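*Asks:* Residue-level listing of the chains:
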Amino acid sequence: MSYILDIDGVNKTFGGLQALNDVNLKIEKGETHAIIGPNGAGKSTLLNCCIGRLIPDTGSVTFNGKNMIGMNAHDINHAGMVRVFQTPEIFPDLNLLQNVMIPALAKREGTFSFNPFKTLAKEKEIHEEAMATLADFSLDTFHDKLASSISRGDKRRLELAMGLIQHPALLLLDEPTAGMARHDTNRTIDLLKSEKMSSMTKVIIEHDMHVVFSLADRISVLARGHIIATGTPDEIKNDPKVKEAYLGEGDDDE
Amino acid sequence: MTNFLKSNGVVMLIFATVVLTAPIWLAPIGASYPDLLQKFAIFGIFAIGFNILFGLTGYLSFGHATFLGVGSYTAVWAFKLLSMNVIPAILLGTAMSGVFALAIGYLSLQRSGIYFSILTLAFAQMSYSLAYSVLTPITNGETGLQLSQQDPRIIDGLFGVPVEAGLPSTHLFNISMSGLSGFYFCAVILIIAFYVSLKIFRSPFGLKLRAIKSNQTRMKYTGFNTRPYLLSSFVISGMYAGLAGSLMAVTDPLAGAERMQWTASGEVVLMTILGGAGTLVGPLLGATLIKYFENIFSALNLSELHKIFDGLPDTLENIVVAIINPFVGEGWHLMLGALFMIIVIFLPGGIMEGVSRAFKWIKRILGFDKKQPVVTSNVTPKGEEK
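Sequences listed follow chains E and G, in order.
Residues in the first sequence are numbered from 118 upward in steps of one, following the numbering used here.
Residues in the second sequence are numbered from 11 upward in steps of one, following the numbering used here.
To be clear, the hints were calculated from the coordinates, so they are not data collected in a lab.
Just so you know, not all the hints are guaranteed correct.
With beta-carbon atoms standing in for the labels, derived distance ranges [what the hints assert, rightly or not]:
1. E:Lys241 - G:Thr153: 31 to 39 angstroms
2. E:Asp192 - G:Val198: 41 to 49 angstroms
3. E:Asp351 - G:Tyr125: 52 to 60 angstroms
4. G:Ile128 - E:Asp307: 48 to 56 angstroms
30 angstroms max Cα-Cα, derived DSSO-like pairs, lysine-lysine [as the list claims (entries may be wrong)]:
5. G:Lys16 - E:Lys239
6. G:Lys209 - E:Lys241
7. E:Lys235 - E:Lys262
8. E:Lys262 - G:Lys90
9. E:Lys239 - G:Lys370
10. G:Lys16 - E:Lys241
11. E:Lys262 - G:Lys373
12. E:Lys224 - E:Lys183
13. G:Lys223 - E:Lys262
14. E:Lys235 - G:Lys223
15. E:Lys224 - G:Lys209
16. G:Lys370 - E:Lys262
17. G:Lys373 - E:Lys235
18. G:Lys223 - E:Lys224
19. G:Lys317 - E:Lys262
20. G:Lys16 - E:Lys235
21. E:Lys241 - G:Lys223
22. E:Lys262 - E:Lys224
23. E:Lys239 - G:Lys223
24. G:Lys209 - E:Lys239
Only part of the chain E face toward chain G is listed, based on derived beta-carbon distances under 7 angstroms [unchecked claim]:
25. Ala190
26. Pro209
27. Thr228
Only a predicted model underlies this, so the values are computations on that prediction, with no experimental measurement involved.
From the three backbone atoms N, C-alpha and C, an ideal C-beta is built for every residue, glycine too.
Construct all of the structure, not just a fragment, from the sequences and the given hints.
*Replies:* In structure tokens form, the structure reads like this:
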């Protein structure tokens, strides 16, 4: 199967609200797939159904041929699907280097390993890999600062670094540039387009049309819990249904 | 200075020197008698172990006295059944509390936060009532478990140790465990316990425990199953408590249910927070300070206070004594409470935060503080080029 992620007939209701209504989405290996849609369309709910935070009422989520529904968050991570959160989910009380070392350790050691007598300072490989990843994101010059003390844009990039160091088969990005200044947004776009990340399969949820059209190979439009169109950026731009549901509503397209 | 302290060898050398010379440098403040020194070491071990759970993972257990009690009971039973040598007693005491910690930890860790704390408290109170009444055949209830001349002591019997008149005393290969030699034995165990804690703090395992404290949800999405990490840390700290409990039995071979009471569980929480949770030596400092105050201030009384403030004019002396009197003797807990409040309000990081602030202050005064240039990624040339 050439599809890395296959979301098939997923439904999810919260009380009386149908958040997801028969969502079908297939992500191809190597593509950057953007999911757009107005607020409340169900974009975050869809991501949460993929990584085990929510369990869909019906339907299936198949990743690399394996059913993901009901799996633990940590097992989904080791299956190769890694999520970068909308609000930075970092370790505020640890420094930047430690923040990046933790996912690298997870990749090497699995879900649990009991090694209280190993010395962290002697983990040269992990240390070097973490420093190199921080350097890719220009965070290495202040690697010993506490993660809580850095700017919001740096936090978002730190989280990207934490996702990237695990070399996931699929990276799910929830609004990677939300709340960023234009300058930071452009840097993030460059990072995501860079050599290291361009071959990685990515699903991006994004409001900023500038980001979407600079990155996406294909775009899916989610409205009222249903996917109304999937196609290349040009197809989406010219789709009358999309214009009606989303693009026509405001001046989001900068 | 900080680089210097990165080497485990250097840290251990300083630590061992300070601990082993304690009888000398604690003499001027009247704290160098063996009973108190033993308490410092034993409660130090208890607090260092508690810190591995509370300081690293942030899970606040209100029931660690259970393991202290289990360690004591097991050690006394080892003295009764096996040998008056302390080695089997402390090994069995530590192992048995490890088993208890595994069971209680497994159940309590089904929940986190305040619910975890309440669960541990509930288990501790259950253990206390079991020890106090239900399990009287094992624990000897209210009276407490004591040695008797009729005890079998199988191993001692095999080696033909003569049965003396009167109760036998604990020993380490015939070195008596009372007085100063008892302290040195506890001190050596304390040094080993501190070394294990240092290794854990500086291991990937320790880093992961700190990451759980910082953001547990993120740990799960990073690919770690956090439950076994928390359980290992709970069991390790339970075993430290068991070790401390068995050392109590080594220095004084009897065990009572009051050791398991919730006040004892609360005390180790106070010690850890007072010293600085999550720091290496903080909990030990907290334990020492609380035990010192308990001994010094609870021994003061009205006439001694008058003696201390003798130099003041009579009216002033009476006023000062009247103010201080409720805080000493029977009321020394008031003093402890006041001290605890001052520390938590002004130094949330405990004594260790005070120490590091003092260091920074001294550095600034002496002009060692080099202002670090402010770096943010936005101004690095690398970012601009792209």
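*Asks:* Are the hints correct? Go through all of them and say.
*Replies:* Going through the hints against the structure:
Taking 31 to 39 angstroms as the suggested C-beta distance range, the pair E:Lys241 and G:Thr153 does not conform, at roughly 59 angstroms. In this structure the hint that E:Asp192 and G:Val198 lie 41 to 49 angstroms apart at CB holds, the actual value being about 44 angstroms. As the Cβ distance of E:Asp351 to G:Tyr125 is approximately 54 angstroms, the hint placing it in 52 to 60 angstroms holds. Look at G:Ile128 against E:Asp307: about 51 angstroms separates their beta carbons, and that is inside 48 to 56 angstroms.
Between G:Lys16 and E:Lys239, the direct Cα distance comes to roughly 12 angstroms. Compliance with the 30 angstroms bound is thereby established for this hinted pair. For the hint linking G:Lys209 to E:Lys241, the alpha-carbon distance of about 17 angstroms falls within 30 angstroms, and the restraint holds. Under the criterion of a C-alpha separation no larger than 30 angstroms, the hint pairing E:Lys235 with E:Lys262 is consistent with the structure, at around 24 angstroms. Between E:Lys262 and G:Lys90 the alpha-carbon distance is near 55 angstroms, which puts this suggested pair outside the 30 angstroms criterion.
With a C-alpha separation of about 29 angstroms, the suggested pair E:Lys239 and G:Lys370 falls inside the 30 angstroms cut-off, and the hint holds. For a cut-off of 30 angstroms, the pair hint linking G:Lys16 to E:Lys241 stands: about 16 angstroms separates their Cα positions. Taking the CA atoms of E:Lys262 and G:Lys373, the gap is near 20 angstroms; set against the 30 angstroms cutoff, the hint holds. Using a Cα cut-off of 30 angstroms, the hinted pair E:Lys224 and E:Lys183 holds, with the two alpha carbons roughly 19 angstroms apart.
Using a Cα cut-off of 30 angstroms, the hinted pair G:Lys223 and E:Lys262 holds, with the two alpha carbons roughly 18 angstroms apart. Only pairs whose Cα atoms come within 30 angstroms are accepted, and E:Lys235 paired with G:Lys223 is accepted, the gap being roughly 20 angstroms. Only pairs whose Cα atoms come within 30 angstroms are accepted, and E:Lys224 paired with G:Lys209 is accepted, the gap being roughly 23 angstroms. For the given pair, G:Lys370 sits about 17 angstroms from E:Lys262 by alpha-carbon distance, which is consistent with the 30 angstroms threshold.
Distance restraint check for G:Lys373 and E:Lys235: the Cα-Cα separation of roughly 34 angstroms exceeds the 30 angstroms cut-off, and the hinted pair is therefore not satisfied. Annotation: proposed proximity of G:Lys223 to E:Lys224 holds, straight-line Cα distance about 20 angstroms (limit 30 angstroms). Proximity of G:Lys317 to E:Lys262 is assessed by CA-CA distance (about 53 angstroms); at most 30 angstroms being required, the pair is judged violated. Proximity of G:Lys16 to E:Lys235 is assessed by CA-CA distance (about 15 angstroms); at most 30 angstroms being required, the pair is judged to hold.
A threshold of 30 angstroms between alpha carbons decides the hint, and for E:Lys241 with G:Lys223 the separation of about 25 angstroms falls inside it, so the pair holds. Between E:Lys262 and E:Lys224 the CA atoms are separated by roughly 24 angstroms; this keeps the pair inside 30 angstroms, and the hint holds. For the hint linking E:Lys239 to G:Lys223, the alpha-carbon distance of about 23 angstroms falls within 30 angstroms, and the restraint holds. Restraint check for G:Lys209 and E:Lys239: satisfied, since their Cα atoms lie roughly 12 angstroms apart, inside the 30 angstroms limit.
Below 7 angstroms, beta-carbon pairs count as interface contacts, and E:Ala190 has one with chain G at about 4 angstroms; its hint therefore holds. The interface hint given for E:Pro209 holds, since its Cβ lies 6 angstroms from the closest Cβ of chain G, which is under the 7 angstroms cut-off. At about 4 angstroms, the closest approach between the beta carbon of E:Thr228 and any beta carbon in chain G falls short of 7 angstroms, and the interface hint on this residue holds.
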